[in-house]
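Chemist: Going line by line, the protein sequences match chains A and B. Numbering of the first sequence is given in the UniProt record's numbering, commencing with residue 1 and proceeding in unit increments. Numbering of the second sequence is given in the UniProt record's numbering, commencing with residue 1 and proceeding in unit increments.
Bear in mind the hints are in silico, worked out from the structure with no lab data behind them. Check before you lean on any hint, since a few could be wrong.
Since the list can't tell identical chains apart, any single copy or any two copies may satisfy a pair.
Straight-line alpha carbon distances no greater than 20 Å define the calculated SDA-like cross-link-like pairs of lysine to any residue that follow [as the list claims (entries may be wrong)]:
#: 1; residue 1: K541; residue 2: S577
#: 2; residue 1: K224; residue 2: S323
#: 3; residue 1: K255; residue 2: I63
#: 4; residue 1: K255; residue 2: G64
#: 5; residue 1: K335; residue 2: S315
#: 6; residue 1: K543; residue 2: S577
#: 7; residue 1: K335; residue 2: L216
#: 8; residue 1: K555; residue 2: V250
#: 9; residue 1: K224; residue 2: A334
#: 10; residue 1: K479; residue 2: R146
#: 11; residue 1: K555; residue 2: R565
#: 12; residue 1: K245; residue 2: L235
#: 13; residue 1: K255; residue 2: P75
#: 14; residue 1: K218; residue 2: N96
#: 15; residue 1: K555; residue 2: M576
#: 16; residue 1: K255; residue 2: E62
#: 17; residue 1: K255; residue 2: E68
#: 18; residue 1: K555; residue 2: S573
#: 19; residue 1: K179; residue 2: G249
Residues per chain are reported as follows:
Protein chains: 2
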Amino acid sequence: MHQYQAPMADFQFLLKEWLNLDSHYLAIGAQGMDAELVSEVMTQGAKFAEQVIAPLNREGDEIGCKLENGAVSTPPGFAAAYQEYVGNGWNAMLGNPDFDGQDLPYTAAVPIHEMLNSANLSWRLTTMLTESAVLAVDKHASEALRQQYLAKLISGEWTGTMNLTEPQAGSDLSLLTTKAEPQDDGTYAITGNKIFITGGDHDWTSNIVHLVLARLPKAPEGVKGISLFLVPKFLLNEQNEAAEKNKLGVGSIEKKMGIKASPTCVMNFDGAKGWLVGEENKGLACMFTMMNDARFQVGMQGLGTCEASFQGALSYAKDRLQSRSPKGPQQPDAKADSIMHQPDVRRMLLTQKAFTEGLRALSLLYAQQMDIEKYCKDYRKAQAQQILAFLTPICKGFMTDIATEVTNIGIQVYGGHGYVREWGMEQLARDTRIAQLYEGTNGIQAADLIGRKLSRDGGLMLNATVEMLSASINSMSNKKQLEQAQMLLHEWHQISAKLIHVDALDAAGAATDYLHYSGYVLLGILWLQMADAAKKSANPKIKAGKPATCEFYIKRILPRKEAHRSVLLSSASDLMSLSDEAFDY
Amino acid sequence: MHQYQAPMADFQFLLKEWLNLDSHYLAIGAQGMDAELVSEVMTQGAKFAEQVIAPLNREGDEIGCKLENGAVSTPPGFAAAYQEYVGNGWNAMLGNPDFDGQDLPYTAAVPIHEMLNSANLSWRLTTMLTESAVLAVDKHASEALRQQYLAKLISGEWTGTMNLTEPQAGSDLSLLTTKAEPQDDGTYAITGNKIFITGGDHDWTSNIVHLVLARLPKAPEGVKGISLFLVPKFLLNEQNEAAEKNKLGVGSIEKKMGIKASPTCVMNFDGAKGWLVGEENKGLACMFTMMNDARFQVGMQGLGTCEASFQGALSYAKDRLQSRSPKGPQQPDAKADSIMHQPDVRRMLLTQKAFTEGLRALSLLYAQQMDIEKYCKDYRKAQAQQILAFLTPICKGFMTDIATEVTNIGIQVYGGHGYVREWGMEQLARDTRIAQLYEGTNGIQAADLIGRKLSRDGGLMLNATVEMLSASINSMSNKKQLEQAQMLLHEWHQISAKLIHVDALDAAGAATDYLHYSGYVLLGILWLQMADAAKKSANPKIKAGKPATCEFYIKRILPRKEAHRSVLLSSASDLMSLSDEAFDY
Chain A
1 MHQYQAPMAD FQFLLKEWLN LDSHYLAIGA QGMDAELVSE VMTQGAKFAE
51 QVIAPLNREG DEIGCKLENG AVSTPPGFAA AYQEYVGNGW NAMLGNPDFD
101 GQDLPYTAAV PIHEMLNSAN LSWRLTTMLT ESAVLAVDKH ASEALRQQYL
151 AKLISGEWTG TMNLTEPQAG SDLSLLTTKA EPQDDGTYAI TGNKIFITGG
201 DHDWTSNIVH LVLARLPKAP EGVKGISLFL VPKFLLNEQN EAAEKNKLGV
251 GSIEKKMGIK ASPTCVMNFD GAKGWLVGEE NKGLACMFTM MNDARFQVGM
301 QGLGTCEASF QGALSYAKDR LQSRSPKGPQ QPDAKADSIM HQPDVRRMLL
351 TQKAFTEGLR ALSLLYAQQM DIEKYCKDYR KAQAQQILAF LTPICKGFMT
401 DIATEVTNIG IQVYGGHGYV REWGMEQLAR DTRIAQLYEG TNGIQAADLI
451 GRKLSRDGGL MLNATVEMLS ASINSMSNKK QLEQAQMLLH EWHQISAKLI
501 HVDALDAAGA ATDYLHYSGY VLLGILWLQM ADAAKKSANP KIKAGKPATC
551 EFYIKRILPR KEAHRSVLLS SASDLMSLSD EAFDY
Chain B
1 MHQYQAPMAD FQFLLKEWLN LDSHYLAIGA QGMDAELVSE VMTQGAKFAE
51 QVIAPLNREG DEIGCKLENG AVSTPPGFAA AYQEYVGNGW NAMLGNPDFD
101 GQDLPYTAAV PIHEMLNSAN LSWRLTTMLT ESAVLAVDKH ASEALRQQYL
151 AKLISGEWTG TMNLTEPQAG SDLSLLTTKA EPQDDGTYAI TGNKIFITGG
201 DHDWTSNIVH LVLARLPKAP EGVKGISLFL VPKFLLNEQN EAAEKNKLGV
251 GSIEKKMGIK ASPTCVMNFD GAKGWLVGEE NKGLACMFTM MNDARFQVGM
301 QGLGTCEASF QGALSYAKDR LQSRSPKGPQ QPDAKADSIM HQPDVRRMLL
351 TQKAFTEGLR ALSLLYAQQM DIEKYCKDYR KAQAQQILAF LTPICKGFMT
401 DIATEVTNIG IQVYGGHGYV REWGMEQLAR DTRIAQLYEG TNGIQAADLI
451 GRKLSRDGGL MLNATVEMLS ASINSMSNKK QLEQAQMLLH EWHQISAKLI
501 HVDALDAAGA ATDYLHYSGY VLLGILWLQM ADAAKKSANP KIKAGKPATC
551 EFYIKRILPR KEAHRSVLLS SASDLMSLSD EAFDY
């Protein structure tokens, strides 16, 4: 079985030669940051991902999590790896420095996130959700709650969860019924059942901090009557230590397709003590603080599994000797040539490579905008917010849809061995499959993109995104590739602008095609930029590999956009005309 | 969890109104056969699939197979279901009547095969391979072997297996090393290790008949030195009963992604007694007798899982209440509308429906040609052989690639619940994933299509297929749809004819795109035909559903063909230019 190795050379190329990280940090005023420091962080992160959590991944899938006597245990080694992660400060990378966070730029943290996702997706999830919880508590909780919880969530001494979904309320949170009853001491008694709670319980930390959506008595119906509460597993004593058990517990853990080493819990709240976070009835807005970030993080999960699958497939293709090349024997001393010599195998590998490296570029572009949003106080902050809002559903939806394709290719390259668990390739396909579903299904992402992000304010988010891309394209040196990129951007802009005026039903019918169309075009632009930047690279493999992969992408992948484009401006009548009864006979 | 129901109305429509089964049987001289008899067979088959094996499917996945003390056990109920299957004569549907087979036409058996695959793919596999083994023994074995084994394989008293793959010999069988040493008594001592042997051992029958590829001493190297042997688990006594244990055993069973209730065995042959089937060194040709059939059967597995997934998704979409329709409340008395009212959910369901029913039409068209091949002794037999040879890799590759897409859509319609095993949707995606791999990976199918089937004899197989389709299109009554179908067929024919002259390397680079292009075009033609035929249907749902689904297919699925077509006649240089070393950095 192939052992994961962090793709350091590609990170270096993208950050230094494509994104010009030093100029970027200078421009946004990220003091003390430079590309060398990021390199050092990546080197250490790679060690942790490769040596500590990657070796636990395969066994973790086989053993899974267990619920015994109301407590969840994770597979062997998982808790110890978490202690090492926390001990080395990884959990605090992005945290507020007032609470001992390291306050690193996103461009430094996102490569680490990718590595963690590649190495062991199940293991990564709980730490990812803690980072999301930190954002919500830092921004919306009272000063008292921040003082009690934030430092320990940032360090990772405690973990955090998001409790949104209920059996009857998934995509539609307006239907949630968990109750929050005000108590005389200013706290709330939380009662209800939540499902699909990642890291709802585990054996890693002395406390777990649940962020729970619930309804106050007489709250308005629908999403305008939802409030957010902080509900710890253990109530704190006067020294702010986990003490008395709160009235909540794990009902069961789900038996899932993948991410089996991540406990997905049914949580029962039986009058548990909770504290309001943010204002009454504004809970969904608080949750949305975490949403852009969490959705992007789920996109990153797609990227992480793509990289792991590509590595596994490539190493097997180089080793596996079967048949001869159509060009005649290439390894005459062996009984057969490696399957790397089969054009169709190379097509599969290049598809994986073009998507993986393209999505990585997209992730770092997004990280760059997050940096701008974080550091800049001028007009650039608002611009970056617009861009991030527009790119978020594309990252979440496209990166995870593509990951299912890429990880399935990984299986295919192995032939029948890809179907056997010990090789690890099918686990990647099973693990990454969740990413199309949670944090809003990809259908929800598509609806968000076309129904809200594209059309709100007459297209401001789109325009900000197009302007940013247009400016970054203009520095390309190859005129032909520059023109290609400009044409793609222009076409995307034109069609998007038309879609703003489509009615809601037709837009909903075009939503997924628009998301995919946008993803393919965006990756095309990024590939042309990368090919251009690679010409100056000192790394001969980058210099050869980027233009060749760009050519492949433009020729063999980008044409897919046409199939999506062809239905964008048409009516949804073909979707709606058939009666429900005539769907089956 | 949705319980499978056989799609009887669609079978009836396709067989009676689209394929005109009575005329077909008359034309080929299938005496005693008519559509009513086929209906009766289907009704009984549906009962078995729905009531006997479908209820075992979910638990079978959880429990899986076990190897203890060298013997394999299958999940509870599996063996009893097999006894019922055999007792009711299902195993003998296609068998030679000289050995108590029922000798049914393929058009009668193929709907049953689909149902078995839908209801419980794991359970189905062993019976499918027995049918393949019957074909090889009937056609190639000596009269003595036929007398000893055939009746019991046809009835199902014993099952059969195919032993091809070895650790170092998968796609490339020329590398296989299992030895067959001639013994004084005319038998052979078989020694070697085989992997991926479906049904290599189980607790269903008193004997298992292995068909094993091996090499004779001094056999030529490569595929011209491979012979086929019949190697029973138990040697027969003079009453032709299973008696003494042969020198073979199960080394282990694979831990797989899916089809967990089907035992996939590592088989060790330690000088096991075997009998030559067919001529020495002509083993691969004997195996190819089963290959068209087995590859088509694997395509049928794709279809079966598509149907099961579509049914599950449709029933959930009708029940699940989340959010309101973009048109405003459709179920005002409920707290939300069913997700059937969401255009994007309908897009997913229509994609499943369009593929499932399109592939079903393809499967019955193939069955019709198998009937012609079986019953006709005149020029039609040779024509049907050409058509079957051409369509086989398309059926195997396209039907199974599409099944992975369709079953993944099934998960997506369920949202997070699709990822939870108890709903059964993710099992379908895991189970069907094997079908892209075995009986020749889909890359091998694509290479077979473009490299052998298309170009051999200057395109005879292509021409026979185009002629057959052209003739069947001509009976369409709607002129516009007729012209659309003719245009598609013409385009396919033209591009295919050009591809015959492309050099081997470029053809290998275009292979998968050509297979997919062909699949999309073929389904387009079949959809236009079905929409035309449905206009006269007495079933109002068929009358409404087929044209609406045809419109959907033409508008939202068929455009994919363009992305594949655009690379067909281009060079493979973009695939081959990058050095192996520059695939990673």
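Chemist: Does the structure break any of the earlier hints, and which numbers would those be?
Modeler: Violated hints: 8, 10 and 14; rest satisfied.
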